[in-house]
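If you want the building blocks of each chain, they are given just below.
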Amino acid sequence: MLDKNGIAQRIAKEVKDGYYVNLGIGIPTLVANYVRDDIQVEFQSENGILGMGPFPIKGEEDPDLINAGKQTITALPGASFFDSAMSFGMIRGQHVDLTILGAMEVAQNGDIASWKIPGKLVKGMGGAMDLVGSAKNIIVAMTHMNKYGDSKLLKRCNLPLTGVQCVKTIVTDMAVLKVTEEGFKLMERAPGVSVEEIKKATEGTLIVEGDIPEMKL
Amino acid sequence: MLDKNGIAQRIAKEVKDGYYVNLGIGIPTLVANYVRDDIQVEFQSENGILGMGPFPIKGEEDPDLINAGKQTITALPGASFFDSAMSFGMIRGQHVDLTILGAMEVAQNGDIASWKIPGKLVKGMGGAMDLVGSAKNIIVAMTHMNKYGDSKLLKRCNLPLTGVQCVKTIVTDMAVLKVTEEGFKLMERAPGVSVEEIKKATEGTLIVEGDIPEMKL
Amino acid sequence: MIKKTVANVEEALEGVEDNMTLMLGGFGLCGIPENSIAELVKRNVQNLTCISNNAGVDDFGLGLLLKQKQIKKMIASYVGENAEFERQMLSGEMEVELTPQGTLAAKCQAAQQGYPAIYTPAGYGTEVALNKETRMFDGKMYVMEHAYKADFAFIKAWKGDEAGNLIFNGTARNFNPIMCGAAKITVVEVEELVKPGKLDPNQIHIPGIFVQRIFQGKDYEKRIEQLTVREA
Amino acid sequence: MIKKTVANVEEALEGVEDNMTLMLGGFGLCGIPENSIAELVKRNVQNLTCISNNAGVDDFGLGLLLKQKQIKKMIASYVGENAEFERQMLSGEMEVELTPQGTLAAKCQAAQQGYPAIYTPAGYGTEVALNKETRMFDGKMYVMEHAYKADFAFIKAWKGDEAGNLIFNGTARNFNPIMCGAAKITVVEVEELVKPGKLDPNQIHIPGIFVQRIFQGKDYEKRIEQLTVREA
Numbered sequence: 001m002l003d004k005n006g007i008a009q010r011i012a013k014e015v016k017d018g019y020y021v022n023l024g025i026g027i028p029t030l031v032a033n034y035v036r037d038d039i040q041v042e043f044q045s046e047n048g049i050l051g052m053g054p055f056p057i058k059g060e061e062d063p064d065l066i067n068a069g070k071q072t073i074t075a076l077p078g079a080s081f082f083d084s085a086m087s088f089g090m091i092r093g094q095h096v097d098l099t100i101l102g103a104m105e106v107a108q109n110g111d112i113a114s115w116k117i118p119g120k121l122v123k124g125m126g127g128a129m130d131l132v133g134s135a136k137n138i139i140v141a142m143t144h145m146n147k148y149g150d151s152k153l154l155k156r157c158n159l160p161l162t163g164v165q166c167v168k169t170i171v172t173d174m175a176v177l178k179v180t181e182e183g184f185k186l187m188e189r190a191p192g193v194s195v196e197e198i199k200k201a202t203e204g205t206l207i208v209e210g211d212i213p214e215m216k217l
Numbered sequence: 218m219l220d221k222n223g224i225a226q227r228i229a230k231e232v233k234d235g236y237y238v239n240l241g242i243g244i245p246t247l248v249a250n251y252v253r254d255d256i257q258v259e260f261q262s263e264n265g266i267l268g269m270g271p272f273p274i275k276g277e278e279d280p281d282l283i284n285a286g287k288q289t290i291t292a293l294p295g296a297s298f299f300d301s302a303m304s305f306g307m308i309r310g311q312h313v314d315l316t317i318l319g320a321m322e323v324a325q326n327g328d329i330a331s332w333k334i335p336g337k338l339v340k341g342m343g344g345a346m347d348l349v350g351s352a353k354n355i356i357v358a359m360t361h362m363n364k365y366g367d368s369k370l371l372k373r374c375n376l377p378l379t380g381v382q383c384v385k386t387i388v389t390d391m392a393v394l395k396v397t398e399e400g401f402k403l404m405e406r407a408p409g410v411s412v413e414e415i416k417k418a419t420e421g422t423l424i425v426e427g428d429i430p431e432m433k434l
Numbered sequence: 435m436i437k438k439t440v441a442n443v444e445e446a447l448e449g450v451e452d453n454m455t456l457m458l459g460g461f462g463l464c465g466i467p468e469n470s471i472a473e474l475v476k477r478n479v480q481n482l483t484c485i486s487n488n489a490g491v492d493d494f495g496l497g498l499l500l501k502q503k504q505i506k507k508m509i510a511s512y513v514g515e516n517a518e519f520e521r522q523m524l525s526g527e528m529e530v531e532l533t534p535q536g537t538l539a540a541k542c543q544a545a546q547q548g549y550p551a552i553y554t555p556a557g558y559g560t561e562v563a564l565n566k567e568t569r570m571f572d573g574k575m576y577v578m579e580h581a582y583k584a585d586f587a588f589i590k591a592w593k594g595d596e597a598g599n600l601i602f603n604g605t606a607r608n609f610n611p612i613m614c615g616a617a618k619i620t621v622v623e624v625e626e627l628v629k630p631g632k633l634d635p636n637q638i639h640i641p642g643i644f645v646q647r648i649f650q651g652k653d654y655e656k657r658i659e660q661l662t663v664r665e666a
Numbered sequence: 667m668i669k670k671t672v673a674n675v676e677e678a679l680e681g682v683e684d685n686m687t688l689m690l691g692g693f694g695l696c697g698i699p700e701n702s703i704a705e706l707v708k709r710n711v712q713n714l715t716c717i718s719n720n721a722g723v724d725d726f727g728l729g730l731l732l733k734q735k736q737i738k739k740m741i742a743s744y745v746g747e748n749a750e751f752e753r754q755m756l757s758g759e760m761e762v763e764l765t766p767q768g769t770l771a772a773k774c775q776a777a778q779q780g781y782p783a784i785y786t787p788a789g790y791g792t793e794v795a796l797n798k799e800t801r802m803f804d805g806k807m808y809v810m811e812h813a814y815k816a817d818f819a820f821i822k823a824w825k826g827d828e829a830g831n832l833i834f835n836g837t838a839r840n841f842n843p844i845m846c847g848a849a850k851i852t853v854v855e856v857e858e859l860v861k862p863g864k865l866d867p868n869q870i871h872i873p874g875i876f877v878q879r880i881f882q883g884k885d886y887e888k889r890i891e892q893l894t895v896r897e898a
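Chains as they are written, first to last, in this note's numbering: chain A, 1 to 217; chain B, 218 to 434; chain C, 435 to 666; chain D, 667 to 898.
Honestly, the hints are just simulated from the structure, not real lab data. Here the structure is a predicted model, which means the values were calculated and not measured. All C-beta atoms in this analysis are idealised placements derived from N, C-alpha and C, irrespective of residue type, glycine included. One thing to keep in mind: the hints can contain errors.
[Said to hold, decoys possible] Okay, derived cross-link-like pairs now, BS3-like style, lysine-lysine, Cα gap no bigger than 27 Å in a straight line:
#	chain 1	residue 1	chain 2	residue 2
1	A	Lys123	C	Lys629
2	C	Lys656	A	Lys123
3	C	Lys656	A	Lys116
4	D	Lys798	D	Lys815
5	D	Lys798	D	Lys739
6	C	Lys574	A	Lys116
7	B	Lys233	C	Lys629
[What the hints assert, rightly or not] Just the calculated beta-carbon pair ranges, DEER-fashion:
#	chain 1	residue 1	chain 2	residue 2	range
8	C	Thr568	B	Tyr251	49 to 59 Å
9	D	Lys739	C	Asn442	54 to 64 Å
10	A	Lys199	C	Ala472	54 to 64 Å
11	B	Gly427	C	Glu531	31 to 41 Å
12	A	Lys4	C	Asp493	30 to 40 Å
13	B	Ile334	D	Ala673	28 to 38 Å
14	A	Tyr148	C	Asn442	21 to 31 Å
15	C	Arg521	B	Ile256	50 to 60 Å
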């Protein structure tokens, strides 16, 4: 089983040379720490920056320079600032190559639920609906099961949707899976996790073809 | 009868304090010369400048600084440059208070034809359709009759339209007229021009109520 | 040049009344119109509809209006991190309309630019699209969203000149430029108000035509919501 | 940082082929991509559809492509001042689609920003709206216009950095920023190409994400179409 950093580390391998990437809050934010430094990548934060750098050194934080999680950040050489319409124009226009975000549930048709638990507090969708509605390539980073031990990879989502038929890849603490027309296709196992364990943890249709390799991190 | 400068001079009186004004090519361009200098006015040119100033002094022309007529211009203090989408956003969003443009024909319902003579060369509408489609207040500057002596103030336009039911005021070499539901309402006569002469020169319905004062320039 | 300066925040907010719809710039607490919000609190105008990406925190930003129960309806994309907001929403004292962030931005910009409506894929197939017109273009489904209408927009810029030309700083830009001119009256507070000609006309983010009133703000707190630092 | 620099105009135009649709920035002869146009002439690619506000003059700008009869179809708002253009249009050698200037701008920007279509009042009730969908919003009629699709966009900027960030100068900005990212491949020529970090990130007109290739242009003529001066 992977921890949060392990999931981030595995996802980082999906980040290719020349990619503009939008990272969601939580595990996705950690992905930046693991991207190879011999490739050219730029991070976009939807509140209005391209070329986002690491957190600032203490004392150098700037209240006018934050990311979509409201954290203080820095700007790298070659960065640019822009307004929120332009920012979502980049997203809607599919200029951003990859979106990595968390989820509460993913369905085997690629539907995603990530913003609302009815009857509980609603914090809002922020930019998630725009991101999943537009992105060419969406990777979901999440645990395979919720804290009650229920699968988060489902036949159909139970929670209100964030977007429909949009998720391409899911990286969990147990596996890497692709969304296909037939269901979740198991691509890789987390170190020490068996196919059987993944099957048990997956409520949706799981497609297992041939030997499933263990992830290389 | 007014000459071009006279028409421009009369129209200049319609330019009020605090107005953003778009001036078309030809007579409208001359309006800027006659606007009172004790009021605050800014000129917009739809290729992308607000706060347009006079033509440059010889030797100070800048190829990167032109107006919509492709003439070299200057920028006044407080000016700004912007792209064509933003420029027409100002126009479409009705932030520009007044549009002054030329026309080949105006109909008594406010239709305007100004861009095309079928069978003859078509130069294109440029920004005219956007301007007349959006502006809150449109003044047409033109001669009352064309070079063949035909009226340009018509019951219905014969030429292809630039916009429908949009012209509010027409200032010609003979008169000032308002477009009303009943027809062209005669407001003022040019110096030395009689109501009879205007009637004869107007093909559309002309409404004459009471004494028609002579223009004050 | 058309002068847009007003003497102070009191003059800037003249005409703000109960039941109005307000747009407020800012993302989180970054780039919020602190002076105008303080004046709205002072005037205690009631039954406001507020369009803003976030609703502040308990004791800052729009949270100050919430505390006084001045907001009847909140239109936002994210409202977490605010206990009083939560309370008023759950108790039904306040109506909340959640809108995807990009849709919110697009609806403001549409109002500014004179587009009556736009099409976005955001929210298609979700409850956000309920009772909204949807339409396919090139095999992809879109939701039609109408431009917002507001009475006042309250904007925070970094620098501005007397003609109303604005420059924003860093990610404090966010919703501020696109709300300018999206309301009947746009009120801008700036950290630095300069004479016309002092700003490079090539570097104006928002031309003064979209601004009705501008004033020099003061006492900016610029609170940081999530101070995050790394080891040197 | 993602590097977008290419060595020269030849490399910048790699992949341009017959029958393609091209967008070209500029208004009149102001802010046109002189180097790219020269290379298009040299390559003598045929049957092009060109989207550009104007069509140049007889011996400059797009007029150079017209002279070689490389343009099959021209989409523009204003095509005056060009005798060869006139000849080809009247003889039917070239197809011409006239589009209002603001609509042209909106259709480019829509492509850039991922809007499939927009609504504009421009052209309603005129022949421009023939066979187009129209619709009333708030009592006013609008025409639906679809986003443009193009293979290449050729852009002229003033300054740019290796990451593709762009700054335009004066009214040479015009259609250039809004065509960036509106085609599959956006090629930018700049008067001054600088290292990343040399441009203020707050003052970028177009972020590099909308640019695929950037190169240092040369030998700019920057011809003035209507030199107009006043007495000193």
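Evaluation of the provided hints:
no.: 1; hint: A:Lys123 / C:Lys629; result: 43 Å, violated
no.: 2; hint: C:Lys656 / A:Lys123; result: 23 Å, holds
no.: 3; hint: C:Lys656 / A:Lys116; result: 30 Å, violated
no.: 4; hint: D:Lys798 / D:Lys815; result: 18 Å, holds
no.: 5; hint: D:Lys798 / D:Lys739; result: 20 Å, holds
no.: 6; hint: C:Lys574 / A:Lys116; result: 25 Å, holds
no.: 7; hint: B:Lys233 / C:Lys629; result: 23 Å, holds
no.: 8; hint: C:Thr568 / B:Tyr251: 49 to 59 Å; result: 53 Å, holds
no.: 9; hint: D:Lys739 / C:Asn442: 54 to 64 Å; result: 58 Å, holds
no.: 10; hint: A:Lys199 / C:Ala472: 54 to 64 Å; result: 59 Å, holds
no.: 11; hint: B:Gly427 / C:Glu531: 31 to 41 Å; result: 54 Å, violated
no.: 12; hint: A:Lys4 / C:Asp493: 30 to 40 Å; result: 32 Å, holds
no.: 13; hint: B:Ile334 / D:Ala673: 28 to 38 Å; result: 49 Å, violated
no.: 14; hint: A:Tyr148 / C:Asn442: 21 to 31 Å; result: 56 Å, violated
no.: 15; hint: C:Arg521 / B:Ile256: 50 to 60 Å; result: 52 Å, holds
In this structure, the hints that do not hold are numbers 1, 3, 11, 13 and 14, in rising order.
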